[in-house]
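A.B. asks: Residue numbers for the sequence shown follow the numbering used here, so the first one is 340 and each next one is one higher.
FYI, nobody ran anything at the bench for these hints, they're computed from the structure.
Check before you lean on any hint, since a few could be wrong.
[Claimed, not checked] Below, simulated DSBU-like cross-link-like pairs (lysine-lysine); rule was C-alpha separation at most 35 Å, straight line:
1) Lys407 - Lys618
2) Lys353 - Lys397
3) Lys407 - Lys391
4) Lys353 - Lys407
[As the list claims (entries may be wrong)] Label-pair distances were calculated between CB atoms; the ranges are:
5) Thr526 - Ile603: 53 to 63 Å
6) Lys407 - Gly429: 36 to 46 Å
7) Thr526 - Ser561: 18 to 28 Å
8) Val557 - Glu478: 28 to 38 Å
9) Gly429 - Arg476: 48 to 58 Å
10) Glu478 - Ser517: 14 to 24 Å
11) Leu475 - Asp430: 10 to 20 Å
12) Ser517 - Ile462: 28 to 38 Å
13) Ile409 - Gln489: 48 to 58 Å
14) Arg628 - Tyr413: 52 to 62 Å
15) Leu475 - Tyr392: 46 to 56 Å
16) Thr617 - Glu345: 21 to 31 Å
Here the structure is a predicted model, which is why all the values come from computation and not from measurement.
Where a beta carbon is used, it is the ideal one built from N, C-alpha and C, also for glycine.
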Amino acid sequence: MDQALEVFVTVVEKGNFTRAAEELLMTQPAVSQYIRALERSLGTRLLDRSNKYVRLNKAGEIVYHHAKEILGLYTRMNALVDDVMHRASGDLSIGSSYTFGEYLLPRMIASLRQQYPLIRPTITIGNTAEVAEMILRHEADVGIVEGDYQDERLHIEAFAEDEMVVVVPRGQRYDPWSEIPLAELQTETWILREQGSGTREATERMFAASGFHPRHVVEFGSTQLIKESVEAGLGVTLLSRFVVRKELQLGTLHMLKPNGRPVIRRFSLISQKTPYHTKAVEVFLELLRSRQGMF
């Protein structure tokens with residue numbers, strides 16, 4: 340777009356160079372320079388100037404009329420190109436529980452930024468209950484939580500499954516095992532996440548389904564701290580396979596299927612109950628849904 344036309348139209352509509360400069364975030368000499376350059380290119384003066392006013396002359400009226408059309412066409416062209424290219428821009432605030440937010444979301448954000456570089460994402464990590472509160476308070480556009488979260492005030496949509504496994508220290512008596520009855524872990528110290536965490540909910544659901552009651556429990560609010568504690572031999576835990584992927588490859592932790600089968604939970608999207616979202620939110624939701632079955 341010819342910026343001189345935009346400056347010219349602004350000067351005409353604001354009535355003087357000073358107000359036009361303020362509107363365009365320019366200096367007044369810069370505005371004057373654009374007007375002089377436009378007049379030189381057309382070979383005629385376009386404005387009658389005085390200390391009190393700026394008025395269009397006959398040539399200026401013609402240029403102003405067509406400049407408005409040109410600027411309008413340029414704006415419409417950009418809008419149509421944006422639609423064709425599915426371009427999205429602006430802020431995107433995401434709240435996510437620990438497992439997805441720390442171990443899966445970074446790669447998704449990298450993919451999002453490659454496709455939509457004008458989107459500016461921010462991520463806040465919290466447990467499931469904290470993320471839900473962020474959505475309810477309009478502090479985040481979309482949330483990702485673990486487990487079977489329910490709240491009638493929110494739109495909740497399951498979009499992926501997560502396999503949970505018992506994690507034990509490497510180099511212990513459990514090394515030869517790939518499956519284990521929970522009863523064999525009765526005397527172990529169980530290291531659990533705090534109440535409100537989706538991982539804590541999955542663990543307690545596993546205990547209840549098996550009628551299992553651990554004798555010793557400690558509670559930590561950090562998944563990384565739990566992993567370090569298990570590596571140090573403090574106890575055992577239940578975690579997502581995504582969380583311990585690197586440790587399993589390095590051989591610092593060992594995983595077991597409890598009672599011969601994994602514990603399955605779901606990842607869910609949560610948002611306000613409204614059919615209207617920003618384009619940035621829409622493309623992020625589309626990206627998540629398109630990855631179903633790939634996590």
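A.B. asks: Now, for every hint given, state plainly whether the structure supports it.
C.D. replies: Hint by hint, here is what the structure shows:
no., hint, in the structure
1, Lys407 - Lys618, "holds (28 Å)"
2, Lys353 - Lys397, "holds (19 Å)"
3, Lys407 - Lys391, "holds (24 Å)"
4, Lys353 - Lys407, "holds (14 Å)"
5, Thr526 - Ile603: 53 to 63 Å, "violated (27 Å)"
6, Lys407 - Gly429: 36 to 46 Å, "violated (27 Å)"
7, Thr526 - Ser561: 18 to 28 Å, "holds (25 Å)"
8, Val557 - Glu478: 28 to 38 Å, "holds (31 Å)"
9, Gly429 - Arg476: 48 to 58 Å, "violated (20 Å)"
10, Glu478 - Ser517: 14 to 24 Å, "violated (43 Å)"
11, Leu475 - Asp430: 10 to 20 Å, "holds (19 Å)"
12, Ser517 - Ile462: 28 to 38 Å, "holds (35 Å)"
13, Ile409 - Gln489: 48 to 58 Å, "holds (55 Å)"
14, Arg628 - Tyr413: 52 to 62 Å, "violated (34 Å)"
15, Leu475 - Tyr392: 46 to 56 Å, "holds (54 Å)"
16, Thr617 - Glu345: 21 to 31 Å, "holds (26 Å)"
Comparing the model with each earlier hint shows violations of hints 5, 6, 9, 10, 14; every other hint is respected.
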